[in-house]
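**Student:** Here are the chains, one letter per residue:
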Amino acid sequence: MAGSPDTHSQRPDTPAAATGASGGPWAIELEKISKSFGPVRANKDIDLNVRRGSIHGIVGENGAGKSTLMSILYGFYTADSGTIKVNGKAHTITDSRHALALGIGMVHQHFMLVDNMTVLDNVVLGAERSALLSRTLDRARAELIKLGKEYSLEVDPDALIENISVGQQQRVEILKALFRGADTLILDEPTGVLTPAEADHLFRVLETLRTEGKTVILITHKLREIMAITDSVSVMRAGEMVKTLPTSETDPEQLAELMVGRRVLLRVEKQPPNVGDVVLEVANLSVTDRQGVARVKNVSLSVRSGEIVGIAGVSGNGQSELLEAISGIIDPSSGTIAIGGVPLDIRGDDGAARARKAGLAHVPEDRHRMGLVTNFEEWENSILGYETYPAYGKGMMLDIAAARAEAQKRIEMFDIRPADIGLQTANFSGGNQQKIVLAREMDRDLKVLIVGQPTRGVDIGAIEFIHKQIIAMRDAGKAVLLVSVELDEIRSLSDRILVMFDGEIVGEADPETASESALGMMMAGIGQTETAQ
Amino acid sequence: MSARHPLPRWMDIVLLPAINLIMAFTISGLVVLMIGESPLEAISIILYGAFGYGDGFGYTLYYATNFVFTGLAFAIAAHAGLFNIGGNGQAYVAGLGVIIVALALDQTHWLLAMPIAIVAAGIFGGAWALIPGYLQAKRGSHVVITTIMFNFIAAALMVYMLNRVLKPASSQAPQSETIDVAGRVPQLREFIPFFGYSPVNLTIVLAIAALVAAYFLIWRTKLGYQLRTLGQNSVASRYAGMSNSKLIMIAMTISGACAGMVAVNEVMGVQNRLVLDFVADAGFVGIAVALIGRNHPIGIGLAAVLFGALYQGGQELQFSMPTVTVEMIEVIQALIILFTGAMEGLFRPALERSYALLSFEQNAEATRRATVEPES
Chain A
1 MAGSPDTHSQ RPDTPAAATG ASGGPWAIEL EKISKSFGPV RANKDIDLNV
51 RRGSIHGIVG ENGAGKSTLM SILYGFYTAD SGTIKVNGKA HTITDSRHAL
101 ALGIGMVHQH FMLVDNMTVL DNVVLGAERS ALLSRTLDRA RAELIKLGKE
151 YSLEVDPDAL IENISVGQQQ RVEILKALFR GADTLILDEP TGVLTPAEAD
201 HLFRVLETLR TEGKTVILIT HKLREIMAIT DSVSVMRAGE MVKTLPTSET
251 DPEQLAELMV GRRVLLRVEK QPPNVGDVVL EVANLSVTDR QGVARVKNVS
301 LSVRSGEIVG IAGVSGNGQS ELLEAISGII DPSSGTIAIG GVPLDIRGDD
351 GAARARKAGL AHVPEDRHRM GLVTNFEEWE NSILGYETYP AYGKGMMLDI
401 AAARAEAQKR IEMFDIRPAD IGLQTANFSG GNQQKIVLAR EMDRDLKVLI
451 VGQPTRGVDI GAIEFIHKQI IAMRDAGKAV LLVSVELDEI RSLSDRILVM
501 FDGEIVGEAD PETASESALG MMMAGIGQTE TAQ
Chain B
1001 MSARHPLPRW MDIVLLPAIN LIMAFTISGL VVLMIGESPL EAISIILYGA
1051 FGYGDGFGYT LYYATNFVFT GLAFAIAAHA GLFNIGGNGQ AYVAGLGVII
1101 VALALDQTHW LLAMPIAIVA AGIFGGAWAL IPGYLQAKRG SHVVITTIMF
1151 NFIAAALMVY MLNRVLKPAS SQAPQSETID VAGRVPQLRE FIPFFGYSPV
1201 NLTIVLAIAA LVAAYFLIWR TKLGYQLRTL GQNSVASRYA GMSNSKLIMI
1251 AMTISGACAG MVAVNEVMGV QNRLVLDFVA DAGFVGIAVA LIGRNHPIGI
1301 GLAAVLFGAL YQGGQELQFS MPTVTVEMIE VIQALIILFT GAMEGLFRPA
1351 LERSYALLSF EQNAEATRRA TVEPES
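Protein sequence lines, in the order shown, are assigned to chains A and B. Be aware that the first sequence starts at 1, since it is given in our numbering, and climbs by one per residue. Be aware that the second sequence starts at 1001, since it is given in our numbering, and climbs by one per residue.
If you are wondering where the hints come from, they were derived from the structure by calculation, not from laboratory data. Treat the hints with caution; some may be incorrect.
Derived lysine-lysine pairs resembling DSS-like cross-links, with alpha carbons at most 30 Å apart [to be verified]:
id, chain 1, residue 1, chain 2, residue 2
1, A, 447, A, 409
2, A, 297, A, 243
3, A, 468, A, 409
4, A, 447, B, 1138
5, A, 409, B, 1222
6, A, 357, B, 1138
One side of the interface only, derived from the structure: several residues of chain A facing chain B at Cβ under 7 Å [said to hold, decoys possible]:
id, residue
7, 329
8, 333
9, 349
10, 356
11, 375
12, 385
13, 423
Predicted model only: the values in this text are computed from it and were never measured. The C-beta atom is built at its ideal place from N, Cα and C for all residues, glycine as well.
Next up, chain A with everything else stripped away, as it sits in the complex:
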């Protein structure tokens, strides 16, 4: 476990670019790795060398093959061909237990923790060394405390997982890997669920790990993180390794271009807003969930025509419930909603239909769970929520021809690929699925557009398109309410930012002037009354 002290232990703040260039030993060497699923080649002759004691980033769009490659390294899949060398020795990694034995640990994007067990139980789970648990637990507790101190990963060993924050849960995942003796840590999209402050702490932990001689492989789509923390970066595209570069010799624009294969506009271009009257008016809205926990507490907000109001906040602070209440999916416990001055009755389990009739379109946060029926053909999803409208048939009958014709038109308008209205929706990529939802909700006569996490799990190329569409709705005079956990997205799209914490709106900010740290403070619930202007 003891890290080999090297020059960096004295100056942990310096990026370790020096080691990256001067050839230290390789921790991981992948040579000509290929993996096919049936005739699909997910990885084609991938070469990847990761230097021991470095942080190595891997970027690429969805479907580029990053996860497949890491799954091969972690033993979930076996490569069809190619060799894997760990610390210079070739191995055939058969399963994740074997990978762990070789010192490779993985922190998954979605945590693999048992919610109603303690931190200690979770760390030990699967690594019990004797039939009687108590001895293992005692040893694990000591180890956990030691590791926690060493890497500033302190967590209360006896806390239940369900009672600790997402950031702490991630620490438990990292501790699990370290407890099992991992020298190389693979982190898959680790900052997706963290506040900026938690992400900063994670980066400090990663730097400590590097200092202690551990190797970190960081999979992410946030180029800013790559620039901030990694020593070298590999770009994958369509199953191939496009390029590996020292981070100091590249920039986000170049990486984005390598990922997508063409030049990408990273900044959103928009004109100053042309704001009109208040269209959406939410007053004193509260939502209580089934367990009786208040999720949204007395929220009032208004959105005027021609503006985008962004709601920033760490995931799970009531944004989802706020969106679902406004769009009529869940019943608020109190409060009123009005569109264009007309009060909206959204109670009852068909409230969403009434909200739609009043001109409110809703792009939900989770397209798989809510926005789409993934087993339906594309055209069927293109009428979801609007199926009773006369445009899709008079009376009881569904005018399939009309629905299909409209879906065909939208597929061209929104450049949905493949352009096949008969294809099962599950077979579209995340970005194209999101476009199906956007096309359905935007391509009609609406007053208010509510958008949740518009670019979650969406490729960079599609992000650019989706952002342009949202701006276009604003410029067409619609009132847009946007919720996103991506602070960058909120900042670049919104005309006004509201920050939500623990079910309340804790502040308002101007995206032009507000600093990221000020927003971060509000998102973490510090300085609740402060206005970041």
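Keeping the supplied structure of chain A fixed, place chain B upon it in accordance with the hints.
**Tutor:** Showing chain B alone in chain A's frame:
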């Protein structure tokens, strides 16, 4: 984890069920072999008994009529994500509606009595299914539990009704009065002598109409779209503004009404009176029929004939091969249900793998998928 690729439609709905059926018959054949009889002879007796002559074929179609109704009943609920296993009870209670109408109108004409009896069967069967539907929609009681309990309640209720209410005072048997000839549904043999003395009657036309109507309901109406949305993703249907609770109740009512049509066939077309346990196990066979038929009307029609043939051919087999008992026939039926229902996916992975390896066309498709599919 996307090593699997979907099979083309024809493989999914034709080849796979065919393989499953062949497996079921092969193992059934081994069972017949074990008791010392010839499987080939047994199958030829079953086929001849079910299709070989007018009477036999008539019986096959008579059984199939019932199975179409119960199969559709299960399938319609299944499309809405509901597991209605109360088809038996719903059909049984529908018998009450049919007998009331039939006895009241049996002096008029069947052309008047039958449509009204159909409506009555629909109302009684639908209402019997609506109660579990209401409990599911408003109280969250699972329909699997409630519908099976309602089967027992229906059985008890009907015993009471037959013994205390419908039984003529002069009779000892727990059955209603006999419907007058004018009020009975005509037998097919009256038009086509080929069917001999078999009980297949004009209700079979109703069964065919029900198949067509179910297709339109599920795939061509707005209600069908909503039911399928609910069945596939109840969060999405709520998001879309559909009233899930209303849809659950509607689906159960239609499902129960469909099962109720069994009573028209049995009470007005075959028994000519309401008798104890006239549904036999048609409700449960309907579940197997719907599973084999992939909840599609065409599949249900074919599967209903298959099970009708098994019922009828099985009876013949008992006569011709004394060593083959009723239990043996049930074993064969159970094997078919096992392979086509419970173990439906047994051969799917193998089929998918071999298909992926063999097909050139799939290569092009897969390459396209590779470029659009998100990584898991």
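**Student:** Against this structure, judge whether each hint is valid.
**Tutor:** Hint check:
1. 447/A - 409/A: holds (22 Å)
2. 297/A - 243/A: violated (49 Å)
3. 468/A - 409/A: Distance ~19 Å between residue 468/A and residue 409/A Cα, so the pair holds.
4. 447/A - 1138/B: Not satisfied, since the Cα-Cα distance of roughly 33 Å exceeds 30 Å.
5. 409/A - 1222/B: At roughly 21 Å apart (the allowed maximum being 30 Å), residue 1222/B and residue 409/A satisfy the hint.
6. 357/A - 1138/B: holds (25 Å)
7. 329: The hint holds - residue 329/A has a Cβ within 7 Å of chain B, the shortest such distance being about 6 Å.
8. 333: Because about 18 Å separates residue 333/A from the closest Cβ in chain B, which is outside the 7 Å limit, the hint is violated.
9. 349: This interface hint holds because 5 Å falls under the 7 Å limit.
10. 356: holds (6 Å)
11. 375: holds (5 Å)
12. 385: holds (4 Å)
13. 423: violated (9 Å)
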